[in-house]
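Protein chains in written order, with the numbering used here: chain A, 1 to 260; chain E, 261 to 595; chain U, 596 to 974.
Warning: the hint list may mix true and false statements.
Stated by the list, open to error - The calculated DSS-like cross-link candidates involving lysine-lysine, where the alpha carbons are at most 25 Å apart (straight line), are: (1) A:Lys167 to E:Lys282; (2) E:Lys527 to U:Lys620; (3) U:Lys704 to U:Lys783; (4) A:Lys144 to E:Lys470; (5) E:Lys282 to A:Lys257; (6) A:Lys257 to E:Lys499; (7) A:Lys17 to U:Lys858; (8) U:Lys974 to U:Lys900; (9) U:Lys639 to E:Lys527; (10) U:Lys900 to U:Lys652; (11) U:Lys858 to U:Lys620; (12) U:Lys872 to U:Lys822; (13) U:Lys904 to A:Lys49; (14) A:Lys49 to U:Lys652; (15) A:Lys49 to U:Lys639; (16) E:Lys499 to A:Lys255; (17) A:Lys68 to A:Lys198; (18) E:Lys434 to A:Lys255; (19) U:Lys858 to A:Lys21; (20) E:Lys527 to U:Lys704; (21) U:Lys858 to E:Lys527; (22) A:Lys17 to U:Lys711; (23) U:Lys704 to U:Lys872; (24) A:Lys49 to U:Lys613; (25) A:Lys237 to E:Lys587; (26) U:Lys864 to A:Lys17; (27) A:Lys144 to U:Lys613; (28) A:Lys238 to U:Lys864; (29) E:Lys499 to A:Lys238.
None of these hints come from the bench; they were simulated from the model.
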Amino acid sequence: MNIVVCIKQVPDTNEVKLDPKTGTLIRDGVPSIINPDDKAGLEAALVLKDRFDAKVTVLTMGPPQADKALREALAMGADEAILLTDRAFAGADTWATSMTLAAAIRKIDYDLIIAGRQAIDGDTAQVGPQIAEKLELPQVSYVKELDRDGDHLFITREFEDRAHKIKIKMPCLITTLAELNEPRYMSVAGVMDAYREKEVQTWTRADIVIDDAALGLKGSPTRVKKSFTKAVKAPGKKYDVDAAQAAQIILDNLKEKYII
Amino acid sequence: MNISEYKDVLVFVEQRDGIVEKVSKELISKGREIADTLGVKCKGALLIDEVNDNLDELFHWGLDELFIVKHNSLGEFMTEPYTKAITQICEEQMPEIVFFGATSIGRDLAPRVSSRMNTGLTADCTSLAVDEETNNLMMTRPAFGGNIMATIICPEHRPQMTTIRPGVMPMINKDETKAAVITEVQVAFTDADANIEILEVVKHTHEQVKIEDANVLVSAGRGIGNPSKLGLLDDLAVKLGGTVSSSRAVVDAGWVDRAQQVGQTGKTVRPDLYFACGISGAIQHLAGMEESEFIVAINKDDTAPIFDTADLSIVGDLNAVIPELIKLLPTKENK
Amino acid sequence: MNFDLSKEHLMLQEMYRKFTETEVKPLAEEVDEEERFPVETVKKLARYGFMGIPFPKEYGGAGADNLAYAMAVEELSKACGTTGVIVSAHTSLCATPIYEWGTEEQKQKYLVPLAKGEKLGAFGLTEPNAGTDAAGQQTRAVDMGDHWVLNGSKIFITNADYADIYIIMAMTDKSAGTRGISAFIVEKDFPGFSVGKKEKKMGIRGSATCELIMEDCIVPKENLLGKIGKGFSVAMKTLDGGRIGIAAQALGLAQGSLDETVKYVKERKQFGRAISKFQNTQFQLADMDTRTEAARLLVYKAARKKDAKIPYSKEAAMAKLFAAEAAMEVTTKAVQLHGGYGYTREYGVERMMRDAKITEIYEGTSEVQRMVIAASLLK
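With the hints as constraints, model all of the structure from the sequences given.
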């Protein structure tokens with residue numbers, strides 16, 4: 001069984017803070033991690049490897065430093081790693097990203113493609129299903145449980161109010177939620193192997209078959225017109241009023257903050 | 261792609277068990293507003309097996325026309341039949357804008373449709389506007405884990421597609437005189453479209469959320485007075501879609517399980533909203549919750565140290581304030 | 596002289612930290628309060644390769660090095676001194692001597708399961724009448740032709756009772772002084788071997804510290820470790836390596852208490868501001884950080900020398916001496932900066948201070964380390 005896992009190296013957005021003086025994000029010193037939903041997907045692949053002797057290939061489209069995320073995946077037990085990197089890919093929105101990843105995946109033997117549901121920096125949850133569309137594969141997203149029998153997968157697909165128990169035939173693509181499992185740590189031997197025994201293959205634009213028009217910023221149907229930080233946390237306000245007024249003040253604040 | 265050939269707003273009307281989801285009505289109301297700005301129509305697309313709902317209401321919120329596809333593969337959500345149907349409607353109707361609710365259905369369906377149509381998609385939008393100069397839709401949404409807001413445009417591709425966060429767009433301008441115009445659409449489904457098999461549908465029951473996973477926490481301190489008041493805090497938590505947690509004093513008093521303790525010797529939490537009720541704000545407690553996104557503190561004691569950390573400080577009796585707040589809050593529908 | 600850590604070491608450090616944060620830190624208080632040996636943590640440590648870090652893969656190890664091992668003990672000890680010493684005693688004092696002086700059969704039979712963490716190891720040198728004067732061994736081993744018989748007792752043995760394999764020093768020829776001491780590999784269920792009283796300790800309370808009793812204990816002939824009469828040399832060289840582990844434990848305790856203190860002083864307000872704003876606090880922290888960093892350099896240097904197979908005995912002694920005294924000083928200051936709260940068991944720093952004290956005593960007291968360093972200088 002051949003599994004391709006798409007992962008993304010992201011800044012740990014839980015650790016990102018706002019500079020109170022400038023109102024901009026402090027990105028320096030924020031650790032880079034494997035996106036949590038993707039890590040769950042990788043763990044799911046490794047569990048299938050443990051049980052069925054599957055081969056696990058990890059793929060990422062990113063800048064050269066994404067090598068570290070791939071090494072971590074290798075240290076967890078992935079067999080092969082591919083870094084898809086090229087200046088031509090930069091600035092890609094989800095459509096262009098999915099086109100590029102699909103082009104790379106066409107060069108790999110696979111029965112199952114796993115992607116995380118969404119990345120904690122882009123927060124779009126779009127790339128996985130878009131890859132499936134380009135590869136003309138059936139997809140199941142929001143996977144909360146996963147099992148395999150022969151060339152079928154048995155999946156629990158999570159909705160807000162219900163779950164579907166699904167049977168799907170491979171080849172197919174699934175997107176995983178971080179809640180799917182507790183990813184294993186890297187092992188000590190795994191880390192040594194990741195740097196000494198295994199290698200990260202680097203693929204550039206020249207290594208894939210794709211239209212230039214589909215690449216990077218130019219190939220992206222959507223673009224960012226502007227971005228801005230939310231208001232810096234102002235010091236708290238204190239009110240000593242009657243209960244009905246207090247409740248109204250609370251409600252107004254919650255509405256303002258989009259909490260309700 | 262000739263952009264000027266695309267007109268109108270199309271809303272994907274989401275149903276579960278034949279009943280239209282609230283988010284779709286929010287999107288219709290917003291769609292109406294955007295359509296009026298552009299001087300175009302607001303249409304809807306509903307994929308369904310059996311209609312179990314009053315569809316007139318959709319027109320009251322602003323729909324001009326509703327397209328319905330009825331088929332037995334459309335009852336429970338499956339990606340391919342839904343994608344096929346919506347894509348066909350989009351190709352036939354050529355809307356300039358398409359809205360989907362950012363639900364677990366919308367966020368599965370929209371990327372598939374947008375990819376099939378080779379157009380752009382924006383995710384989880386929280387505010388929308390029309391650019392006066394270009395008539396392009398400006399889609400604003402949170403990114404970077406919610407730390408920044410980005411405004412996205414899709415200038416050269418149509419339709420401009422976006423999923424929109426539920427519970428954000430207000431439902432306004434209800435017109436109960438508006439007539440229903442419903443058109444049934446035939447889609448040539450094949451067996452191959454059902455490329456997954458749904459073996460079972462399992463409806464969720466209310467489960468206890470772990471405090472470290474909750475987005476909203478209503479936290480009890482010794483100031484609540486006695487354990488019977490926990491019911492009041494729980495009512496508030498339910499209204500906000502949250503969970504009850506507590507300070508150490510309440511756990512030590514045996515009123516609440518240790519798993520719900522926030523603090524130095526309890527858990528560290530960082531919810532979007534933290535209500536500190538009757539909590540003084542000892543340093544051991546602060547250590548466990550000071551990273552919460554928005555902290556509201558209610559305490560009778562004007563000098564309580566919690567007020568130094570809270571974003572919104574209410575000096576008052578929680579027994580009076582909380583019931584008033586519960587009265588004002590809408591009932592939480594979707595998670 | 597390159598002080599940088601390689602990519603592998605940096606990634607290992609990241610893994611050690613994540614593991615410690617999730618698996619070790621949450622249990623540290625309970626392990627101390629209940630004097631509980633963290634059995635479940637040891638299983639997880641084994642699963643991820645912590646129990647055989649510096650040994651080659653062919654012997655079930657992780658194929659890393661002594662620097663990686665020292666860093667592991669450091670990171671674990673930041674959260675829990677008990678967990679750090681379990682790994683250290685097992686790796687340096689039991690698995691390492693088998694790796695360095697064992698026959699191929701002994702390595703296959705004992706080193707492999709130890710390195711994989713399937714079995715836990717311990718080391719028995721100290722006796723009721725032989726501490727710093729380790730040469731005064733009274734445990735005797737008599738050659739009975741086709742087996743050995745050991746009689747005697749050991750005290751203050753780390754990992755005792757939970758360990759399956761023990762390296763035991765015993766006198767084989769009383770007339771030959773230190774050259775009459777030999778080393779043996781003893782399994783827990785050899786007839787005549789038992790574990791006695793468990794000590795109640797000031798710190799590292801989750802670590803099992805017990806007496807070992809050998810009453811006509813039968814040890815197979817082939818379990819002699821190294822050559823006969825070379826046991827003292829085996830013990831001394833083993834302790835050289837063990838010192839790196841303990842120095843790493845002390846380093847971790849110092850760093851852990853410093854990290855907690857930095858967090859606390861930013862939160863704690865007195866006189867209308869955070870106490871981190873007061874110069875005294877800042878100066879104390881500066882001293883704590885400098886001492887800890889100096890200890891780190893000594894520990895890593897000793898480990899690197901051992902990896903390069905260059906004599907490292909003096910460096911190991913310096914690392915252990917300095918790191919232990921730094922740990923005591925830094926953890927004590929940490930409690931002081933926490934004020935009254937630091938004295939309560941709700942905060943971890945008092946435990947770190949109690950844990951730090953033993954690092955000045957075991958595996959060679961600070962006085963012994965000074966003897967080793969002076970001897971090296973005055974050769």
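Hint check:
1. A:Lys167 to E:Lys282: violated (30 Å)
2. E:Lys527 to U:Lys620: Between E:Lys527 and U:Lys620 the Cα gap is close to 12 Å, so the pair holds against 25 Å.
3. U:Lys704 to U:Lys783: Distance of about 14 Å is within 25 Å: holds.
4. A:Lys144 to E:Lys470: Holds - the C-alpha atoms of E:Lys470 and A:Lys144 are around 17 Å apart, at most 25 Å.
5. E:Lys282 to A:Lys257: Roughly 21 Å separates the two Cα atoms, so the pair holds.
6. A:Lys257 to E:Lys499: Given pair A:Lys257, E:Lys499 holds - Cα atoms ~17 Å apart, limit 25 Å.
7. A:Lys17 to U:Lys858: holds (17 Å)
8. U:Lys974 to U:Lys900: Judged against 25 Å, a Cα distance of about 20 Å means the pair holds.
9. U:Lys639 to E:Lys527: holds (23 Å)
10. U:Lys900 to U:Lys652: Between U:Lys900 and U:Lys652 the Cα gap is close to 21 Å, so the pair holds against 25 Å.
11. U:Lys858 to U:Lys620: holds (16 Å)
12. U:Lys872 to U:Lys822: Violated: U:Lys872 and U:Lys822 sit about 61 Å apart, past 25 Å.
13. U:Lys904 to A:Lys49: Violated, at roughly 39 Å.
14. A:Lys49 to U:Lys652: holds (21 Å)
15. A:Lys49 to U:Lys639: holds (20 Å)
16. E:Lys499 to A:Lys255: holds (14 Å)
17. A:Lys68 to A:Lys198: holds (13 Å)
18. E:Lys434 to A:Lys255: holds (21 Å)
19. U:Lys858 to A:Lys21: Holds: U:Lys858 and A:Lys21 sit about 22 Å apart, inside 25 Å.
20. E:Lys527 to U:Lys704: violated (44 Å)
21. U:Lys858 to E:Lys527: Holds, because 16 Å separates the two Cα atoms, which is no more than 25 Å.
22. A:Lys17 to U:Lys711: violated (42 Å)
23. U:Lys704 to U:Lys872: The given pair, whose Cα atoms are some 59 Å apart, is violated under the 25 Å limit.
24. A:Lys49 to U:Lys613: holds (24 Å)
25. A:Lys237 to E:Lys587: Status holds; Cα separation ~23 Å.
26. U:Lys864 to A:Lys17: holds (22 Å)
27. A:Lys144 to U:Lys613: holds (24 Å)
28. A:Lys238 to U:Lys864: The given pair, whose Cα atoms are some 20 Å apart, holds under the 25 Å limit.
29. E:Lys499 to A:Lys238: Holds. E:Lys499 to A:Lys238 sits at ~24 Å (cutoff 25 Å).
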